[in-house]
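J.: Chain by chain, the residues run as shown.
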Amino acid sequence: MTVADLWTIMPLLLIACGSVLVLLLGAVVPGRYLTGVAVATCLGAALWALQVPAVAALPQLGVALTPLARLFTVVFALAASVTLLLSHDFNERRGIRGEEYPATILFALFGMSVLAAASTLLTLFLGLEALTFAFYILVAMDKGSDRGAEAGLKYLLLGAISAAFIAFGIALIYAATGTLEIVPAMAGAARGIAGVPLALAGWGLILAGAAFKMSLVPAHLWTPDVYQGGPPPVVAFLSTGSKGAAVLFLITLLRPAGLIPALHGPLWWLALLSMTVGNLAALRQQSIKRLLAYSSIAQMGYVTLALLTGSREGYGAAAFYVVLYTAMNLVAFGAVASLSGRDDLETIEEYRGLGYGRPFTAGVLALALFALAGIPPTGGFMGKFFIFAAALRGGEPLLAVLGILTAVVSVYFYLRVVVNLYLHSVTAEITANRPTSVEIVPLVVASLVIMLLGIYPGPLMAIIEAALF
Amino acid sequence: MAYPILTILVFLPLAGAFALLPFWRRDRWAKGFALCCALVELALAGWLLFAASGMQAAQGAPAGYFLWEDYTWIGRFGISYTLGMDGISLLMTVLTAFVTLLAMLVSWRGIRERVPLHYLMLLVMESGIVGVFLALDLFLFYLFWEVMLIPMFFLIGIWGHGRRIYSAVKFFIYTMAGSLLMLLAIIGIYLLHGNQGGNYTFALHQLIGTGIDPGISLWLFAAFLLAFAIKVPVFPLHTWLPDAHTDAPTAGSVILAGLLLKTGAYGLIRFGYPLFPTAAKAVTPLLITLAVIGIVYGSWVAYAQEDMKRLVAYSSVGHMGFVALGIAVWSPVALSGAVLQMVNHGITTGALFALVGMLDERTDTREIAAYGGVWGKAPMLAFFFLLFSMASAGLPGLNNFVGEFLILAGAFRVTPLAVVIGFIGIVLPLIYTVRLVQQVLFVEERRPLAIPDLTIREGSVLAALALIAIYLGVHPAPLLDLLKVPVALLTGVAP
Amino acid sequence: MIVPLVHVLILAAVLFALGLVCVLVWRSNVIMLLIGIEIMLNAAMLAFVGGAGHWGMADGQVFALMIMAMTSAEVSLALALVVYLHRRKKTVNVDEFNEMKG
Amino acid sequence: MKLYLALILLLPLLGGTINAIVGRKLPRRLTETLACGMVWGAFVCALLAFAAYRGPETVELASWLAAFDFRAPITLYLDSLSLVMVLMITFVCGLIHLYAVGYMADDPSYARFFALLNLFVFAMLVLVLAENLPLLYLGWEGVGFCSYALIGFWYREEKNATAGRKAFIVTRIGDTAFGIAIVWCFQLFQTVSISQINQMGFLMPVGVVTALGLLFLAGAMGKSAQLPLTVWLPDAMAGPTPVSALIHAATMVTAGVYLLARMFPLIGTSATVQAAIALTGGLTAFYAATCALAQRDLKRVLAYSTISQIGYMVLGVGCGAITAATFHLLVHAFFKALLFLGAGCVITALHHEQDIFRMGGLRTTLPRTFWPFLAGAICLAGIPLTGGFFSKDAILLAVWEKGGGLYGGLYLLGLLTALLTSIYTFRMVYLVFGGEGAHPHTLPRVMEWMLVPLALLGLFGGILNLPEYLGKGWLGEFLATAGVKVSHGEELVLQGIAALVALTGLSLARYRYGGARRAERLVEAEAEPTGVTAFLLNGWYLDNLYRILFIRPYEALSRFLWTRVDEGVIDDSLDRLADGLGRTGQGLGSWTNGRVSLYITSFAAGLALILGWLAWVVW
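Chains as they are written, first to last, in numbering that gives the first Met the number 0: chain A, 0 to 468; chain B, 0 to 494; chain C, 0 to 101; chain D, 0 to 618.
Mixed in with the good hints, there may be bad ones.
Below, computed lysine to aspartate or glutamate pairings styled on DMTMM-like, alpha-carbon distance capped at 25 angstroms [what the hints assert, rightly or not]:
| # | chain 1 | residue 1 | chain 2 | residue 2 |
| --- | --- | --- | --- | --- |
| 1 | C | K100 | D | D578 |
| 2 | D | K1 | D | E56 |
| 3 | D | K158 | B | E443 |
| 4 | C | K89 | A | D145 |
| 5 | D | K158 | B | E366 |
| 6 | C | K88 | A | D145 |
| 7 | C | K88 | A | E348 |
| 8 | D | K158 | B | E112 |
| 9 | C | K100 | A | D88 |
Per label pair, the in silico range of CB-to-CB distance [to be verified]:
| # | chain 1 | residue 1 | chain 2 | residue 2 | range |
| --- | --- | --- | --- | --- | --- |
| 10 | C | N92 | D | R582 | 29 to 35 angstroms |
| 11 | A | E428 | B | A463 | 55 to 61 angstroms |
| 12 | C | R87 | B | R111 | 27 to 33 angstroms |
| 13 | C | A72 | B | A14 | 52 to 58 angstroms |
| 14 | D | T268 | B | P276 | 57 to 63 angstroms |
| 15 | B | I215 | C | A68 | 55 to 61 angstroms |
| 16 | D | T271 | B | I215 | 48 to 54 angstroms |
| 17 | B | M379 | D | G530 | 48 to 54 angstroms |
| 18 | D | A607 | C | L10 | 54 to 60 angstroms |
| 19 | D | R582 | B | H474 | 31 to 37 angstroms |
| 20 | B | A18 | D | R575 | 41 to 47 angstroms |
| 21 | A | A427 | B | I215 | 35 to 41 angstroms |
| 22 | D | R551 | B | H474 | 38 to 44 angstroms |
| 23 | B | P276 | D | V205 | 36 to 42 angstroms |
Listed next, the stretches of chain A that the computed footprint assigns to chain D, with coverage defined by at least 3 CB atoms under 8 angstroms from CB atoms of chain D [as the list claims (entries may be wrong)]:
| # | region |
| --- | --- |
| 24 | 156-162 |
| 25 | 280-286 |
Hints are computed from structural coordinates only; laboratory data are not their basis.
Ideal Cβ positions, reconstructed from N, Cα and C, are used throughout, including at glycine.
Generate the whole structure from the sequences, applying the supplied hints.
T.: The following block contains the structure:
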C-alpha cells in the first residue's frame, strides 16, 4: 500500500475514522452535538471523492475508486448528511440521544462506500453486509418503540437469509471461476454459464439475494413492515442509500458479464411483478409509510426494467434513477420525519390540511410525491423517461407498456396523499410538528435536486455515461 | 428576431406566478398582480396577432413558421428546446391569453379562500398551455402537456364543488393514462427515426416523414390518438369531462372547456396526423364514426341533464365532436373549420360556464329546475345567456356556426354520411339549449331566488366575449386567412 | 486435493438446502430460524473453502472467515432483539410479532 | 344600387341593435319611432332600388366565410323575384310596425319587442337578398330565432315559451335538410352561389338533382309549415298578434316557397321533385283547411288557413308556376296580414278573448275593424275579382294545365280545399261579427288605420298580375318566367268553376252559421268536441302522434343514455376497473400479513422459481 493509495481511499478512511471519532466523542459530549461532526465527516468524504482522480483497482485493498464509485460515494455521503440533519431534531423529539446513532449512520455510509468502490466480490459482499447490518441497528434504534424492534428483527432475519443466499451464490461463482476479482469472476461466470450450470446457479442465488435488498417481488414483503416500524429519518436513508447500494451491487455484477440471456427471464418477471404488486398494493394503503414502501417496491421494479436491457443506456438510466430516487425518497420520508412529533404521523388522514397548516413541509412532500409519480417538470419524469427510453431501445416494448400502465395506476395513490394535503379543508387544529431550520435546509437542497434533475438532467447524465463507459 | 418572444410568451406567466409569492397574504394585491400578468400576456399575444401578417418566415424554421426558437437542451438524447409559431399556434396562444384573463375576471369575487394560490395556479396553467401550443419538440411538448394537469388538478380539487376530489383525481388519472402511453409512442418514433439515420432527435420537423413500418406506425398513432382523444374528448373517452367540468370552480370550467380540450385537438393537428399520415388514414373511419357518435350522443345526453354545468359540459362533448370530425377528414376546408371551431367553442362555452358560474354565485344552485324567470330579474345576464346559448346552438351570424359549417362543408366530400348525421347534431343542441333557456330565463320563477343583475366587471367581460362571438360570426375572414398557410402545409394543398 | 470439488459442492448444496428447509419448517421459532441461517451460511463457507482448495487460492478462505465474523455479529444482534421482544410478548415465536401488516 | 341594398339591410339591423342595447333606457316614443323609421327607411330604399332596377345585379358587401375553395361572401343578389319580395316585406313590415305601436302600447317590454321585430326584418331581407346559400341560411336561421323569441315574447307563461321552442325546433329539423343540401351543392358544384348553381344544374344527373330537390323541399317544409312539419305554426299563435301577422302569415312562413322558387332552375329539372313539391303543397292545403273548419281560437283558424294557403303556393311551385306562386304569396301576405291585424283588433277589443264562440256583434260595435276584415275574408275565400281570387286561380290553372293523374287529382283537391276555405272563412266571419255581444274596449286608432291599406291591396292585388284576357300580367312579365299558356276560354271556364266553388262555400257557411243558426252553434259548442270535430280541432292528432313517436322516445332515450349508458356503462366500467384494481391491491397487500414465516416462504419460493427457471433454460 502506498501513500497514493491512501489518498485515493481517503473518503473511506475519513468515514471510518469519523464514525470512530463520533463514538469516542460520545463519551464526553452529548450525542446531540455530534451531528455536526458526522455531517462534516460526510461532506468531507464527499468533497474528497469529488476532487480525487479516479483510479483503477487497488489490488491489495480490494477497492478501486472508479468514476462510478466516486459518483455514488458522493451521492451516499450527501444522503447520509441529509439523513443526519433530518434526524437531528427528530431524535430529540423521540429521545434518541446516544452517540451511537450518528456513528451507525456513518458505519452504514462506510458500507455503502466500500460497496461502491469494491473491486472484489469479498469487498462487495462485506460492504453490502456492513451497510445492512448498520441498518438492522438503526431500524431498531428507537428504544421506546415496540414496532422498531419488531421491524429490526424482521429485517434482520430476512436480511440474514439473503446474506446466506448471496454468500452461497458468490461461493458457487468462486468455485466455478476461481477468482474473487469482480470483472474476471463475473465475465468468467458468464462464459461458463453455457456449459457449467454452477455459475448460473450462483447467479440465481445472487439474484434472489439482490431481489431482497432491492425489495423486488416476491422478496419484498419485509419492506412495508420495516418502513413502518423504523424511525422516518432512518427509513429515508434505508430506502435510498441501501436501495441505491443494492442497485449498484447488481450493476457492478451485471456489467462485466454483458447480458446473460438466461437471466433475462427472472429479471423480466421481477420487474413486472414489482411494478404491478407495488403499485397495486399501495392503492388503498392507509399508512403513508407503508404506502411509500410499496411505492419503493414499484420504483425498484422500474429500475430493474432498465437493468434487464443489459445495455449502457439501461445501466445509465438505472444509475440516474437511483440518484434521483435518493433525492425523492429523502424528501418524502424527510417530510414525514419533520412532521412527526412524539409519534409518527402515520395514516394519510392525519395529513389533512397540512398543505396550509405546514406549507413548507407539505409542499416539499407534494413535490416528492409528484416526482415519484413521474410528473414533469420534476426529475421523476426525467428518470422514468430515461428508463422507458432505455427499455424500448433495449427491445422491451411489452414490459414498457405494462410498466407504463402500472405507472398510471400509481398516480392514484400519490395523488391521494396530495389530496389529503391540499384538497381537504382543515377542521381540527393541526398538531403536526413545525419544521426546524435544521430540517429545512436538507429538504430544500434535496427538493432543488429533484427540480434541477427535471429541468436540466444533462450534466448528471453525462457524468453517469462517462462513468459507465 | 432579436427578442425571444416565444420564450417570453411561455414563461412570462410562470415568472408572474413566482413573483406572486410575496403577495401571499395580500389577496387584493395578488389578484391585481396576476391580472396584470395576464393582461401583459394578452397584449403581447394580441400584438403578434396584428403583427403576424407582416412577418416573414423565420430563419432556420420549417415552412409556415414565422417565429422560431431552437436551442439544444439535452443534447445526449437529441432533446431540444424548440418553440415555433405559425397561424394555428398563434391563434391558440391568443385564445389562451384571452381565456385565462377571462377566467381570472370571472372568479374575481367567487374565490374567497386561498386567493393568491388560485391566481398562481391560473398563471402556471397559462404557461403550460401556451407551452403546449408553441412547443415543436416532442419531448418539450410532452413536458408542457403534463405540466398543465397539475394546476388544473388543484383548481378542481381545492376550489371545486360537489364531488370535487373524485373529479379532480379522475381528471388527472384519466388524462395521465392516455398521455403516458403517448410518451412511449414518442420514444418509439424517436428511436425508429434514430435507428434509420443515426440522427436521434425529438424535433417534430425532422421526425415528420420518418418511414415507419405500417403495423408499428398504427400502434404508435393509436397511442397518440388515445392521449389526444381523451383530451378532446372523443366518445367514449369523455366521461371524465362532465365530472371535471361540473365540479370545477368557474375559472376551472372556463379553462377546461376553453383551453384544455383544445390541446387535444391541437395535438392531433400538429403531431398526430403529420407524424403518422398512413396510420391516420387507416384510422380515419373509426375516428369519423366516433366523432359523429360524440356529436349526437353528447347533445342527446345533454338534454337529460338537471345541472346546468353538466348540461354545458355534455354540450362540449357534442361540439368537440365537430372538431374531431373536422380533423378526421383532414381536408383543408374542414381543418380550417376545426381550428376555428376550437376558438369558437372556447369563446362560447367559456362564456356559458362563466354565466352559469355567475348564477351559481348568486343563488348557490345550478339546478335548472330551481330557476325560472331570470329574464325579468336580471335582463342583462339573461340577454347574454340567450346570446351564448344561441351561439352554442349554432345560430348563423354567431361564431359557432362558422366553424361547424366549414367542417361540415369540408367533410362532405370525404364522408357524406357522417355529415348527414352531423347535421342532425346541429338540431340536437338546439333542443337542449332552448329547453335550458326556457327553464332558466323564461316562465315564472320556481323558487324565490334573488338574482341581482350583472356588475360592471361581469358585464364588460361578457360584452367583450359577445363582441368576439359576433365578430367571429360575421367576419371570420382574418382568422381564416391566418390559418390558410399552415392548413395548406398540413394538408398538402396549394393555399 | 483429496475430495473433488464437485463432492464438496454437493455437500454444501445439501447443507444449504437443509438450512433452508430448517428455516422454512421451524419458521415459528426465532432460535431455530437463526440456526437454519447459520447452516446456510456454513454451506456457503464450505463452498468457499472447497473452491479455495480447488483453485489453490486463499481468498476463498478469507471470505469464509469474514462470513464467520459477520454471522457472529448478526446472531448477537438478533438475540438481543429477541430478548427485548421476549420481555414484551413472552414468546420467541416470530409470527407473534405481527403488529404491522397490510 | 349597392348603397340602396346595403341600406335596406343595415337600417333594420341598426334599429334592432340600438333598441336591443339601449332601447330600455330610451323614451318610449323614440324607440317606437326608431323601429318604425328604420323599416320605412328600408322601404324607401327598396322603392329607390326598384326605380333604379335595370336587371339582375350582384353586389358583394363583405367577405364572410372564406376557406380555400369554400367561399361564401356577404353578397346580395337583386333580381325581380327578390325585388318584389323586398318591396312586399318592407311595406308590410312597415305597416305592422306601426300597428304594433298601438298594440304594444301597454306593454313594458316594448324595447325588446321592437328590437326583435327589426332584427326579424333584417334577417328576412338577408334571406331574400342572399346570393349564396350559406348567407340565405343565415337569414333563414335568423328569422327562425326572431320568431322563436317573439312567439315566447310573453315568456312568463310556460305555454308561450313552449310554443316558441316548438317552432324553433321543428323548423330546425327542416333546416337540417337544407343545410345538407348546401354542403352537397358545394361538393357538386364547388360553389355555393345560387345563381351559379342554378346555371350548372343541368350538368348533374337527374337522380342527384332529385335528391337535392327533396332536401330543399324538406327545408321548405319546416319553414313554411308544410306536412309533415305543420305542427308548430298553430301553436306559434301564442305570440303577440303583430308577430303572427308579420312572421307567421306574411313573411317568414313563405320563405320556404321563396326558397323553392329561388332554386327552381335547379330542382325544377326533376319531375319527381316537382311532383313531390306539388303533392306536399296540395295535401297540406287540404289538411290545414280541414283543421281550420273546427278551430275555436280565432288566431288558430287563421294559422291553419295560412298553412293551407302556403300549401297552394307550394303546389304552384310544384307545377312550375313560379309567377302564380309568387303572385299568391304577395297577395296572401297582404290579406293574411290584414286578417291577423283585424283579429288582433278584435282580440284587444275583447280583452284578450280568442274563442270565436264567445265573440259576436262586432259588426256593429267595431265597424272599422269589421269592414277591412271582411275584405280580407273575401280575399281568402277567393270570392271573384278580389286579389285572392286571381292569385289562387292562377295556381289552380297551372295545376290543371299540368294534367295527368297526379295533377288532375291535385286540381280536384285544390278545388275542394277552396270550398273548405270559403266555408271556414265565413264561419269565422259569422261567428265573430254576427249576432250580439258585449260592448268592446276602444282601440288605439293606429291599429285600425293600418287595416285600410292592406285591405285595399288585398282587394285590388289582382291588378298585379291580371289574367291575360284582362290585359297583361305585370308580375309575370317582371319576373320573366314562363307563364302558363292556355286559351282564354279555358281560363274563363276554370275561373268560373273556382268562383262557383267559393260562392258555394259562402252559402254553406251562411246556411250553417248565418242568422239564427249561429245561436244553435253556440249552444253546440258548449259541449266537449267529439268525433270528427275533435279530430280536426286537434289537427288530426299530429301533435299527439309526434309526441308518441318522437318526443317521448327522445326524452326517454336521453335519460337512458345518460343514466344507463354514460354513467351506467361507460363511466361505471371505469369505476369498476378502478375498484377492481383497488381490491386487487388490497389482496396483494394482505400478502404482507406481518408473519415472518410467510415472508421467508415467499422469499424461498422466489429463489426456487429463479433457480427452476434457470434450470429449465439450461436444460
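J.: Hint by hint, note whether the structure agrees.
T.: Each hint tested on the structure:
1. C:K100 with D:D578: 22 angstroms, holds
2. D:K1 with D:E56: Holds, because 9 angstroms separates the two Cα atoms, which is no more than 25 angstroms.
3. D:K158 with B:E443: 11 angstroms, holds
4. C:K89 with A:D145: Holds. K89 of chain C to D145 of chain A sits at ~13 angstroms (cutoff 25 angstroms).
5. D:K158 with B:E366: 22 angstroms, holds
6. C:K88 with A:D145: 10 angstroms, holds
7. C:K88 with A:E348: 30 angstroms, violated
8. D:K158 with B:E112: 44 angstroms, violated
9. C:K100 with A:D88: 29 angstroms, violated
10. C:N92 with D:R582: 29 to 35 angstroms: 31 angstroms, holds
11. A:E428 with B:A463: 55 to 61 angstroms: 45 angstroms, violated
12. C:R87 with B:R111: 27 to 33 angstroms: The hinted range 27 to 33 angstroms is violated for R87 of chain C and R111 of chain B, with Cβ atoms some 52 angstroms apart.
13. C:A72 with B:A14: 52 to 58 angstroms: Given about 56 angstroms between the Cβ atoms, the range holds.
14. D:T268 with B:P276: 57 to 63 angstroms: 41 angstroms Cβ-Cβ, so the 57 to 63 angstroms window is violated.
15. B:I215 with C:A68: 55 to 61 angstroms: Cβ of I215 of chain B to Cβ of A68 of chain C: about 56 angstroms, so the range 55 to 61 angstroms holds.
16. D:T271 with B:I215: 48 to 54 angstroms: 52 angstroms, holds
17. B:M379 with D:G530: 48 to 54 angstroms: With Cβ atoms ~52 angstroms apart, the hint holds.
18. D:A607 with C:L10: 54 to 60 angstroms: 20 angstroms, violated
19. D:R582 with B:H474: 31 to 37 angstroms: Given a distance of about 57 angstroms, which is not inside 31 to 37 angstroms, the answer is violated.
20. B:A18 with D:R575: 41 to 47 angstroms: 46 angstroms, holds
21. A:A427 with B:I215: 35 to 41 angstroms: 55 angstroms, violated
22. D:R551 with B:H474: 38 to 44 angstroms: 43 angstroms, holds
23. B:P276 with D:V205: 36 to 42 angstroms: 39 angstroms, holds
24. 156-162: Check passed, 4 qualifying residues.
25. 280-286: Satisfied; 5 residues make the cut.
Consistency with the previously given hints fails for numbers 7, 8, 9, 11, 12, 14, 18, 19, 21, ordered from lowest to highest.
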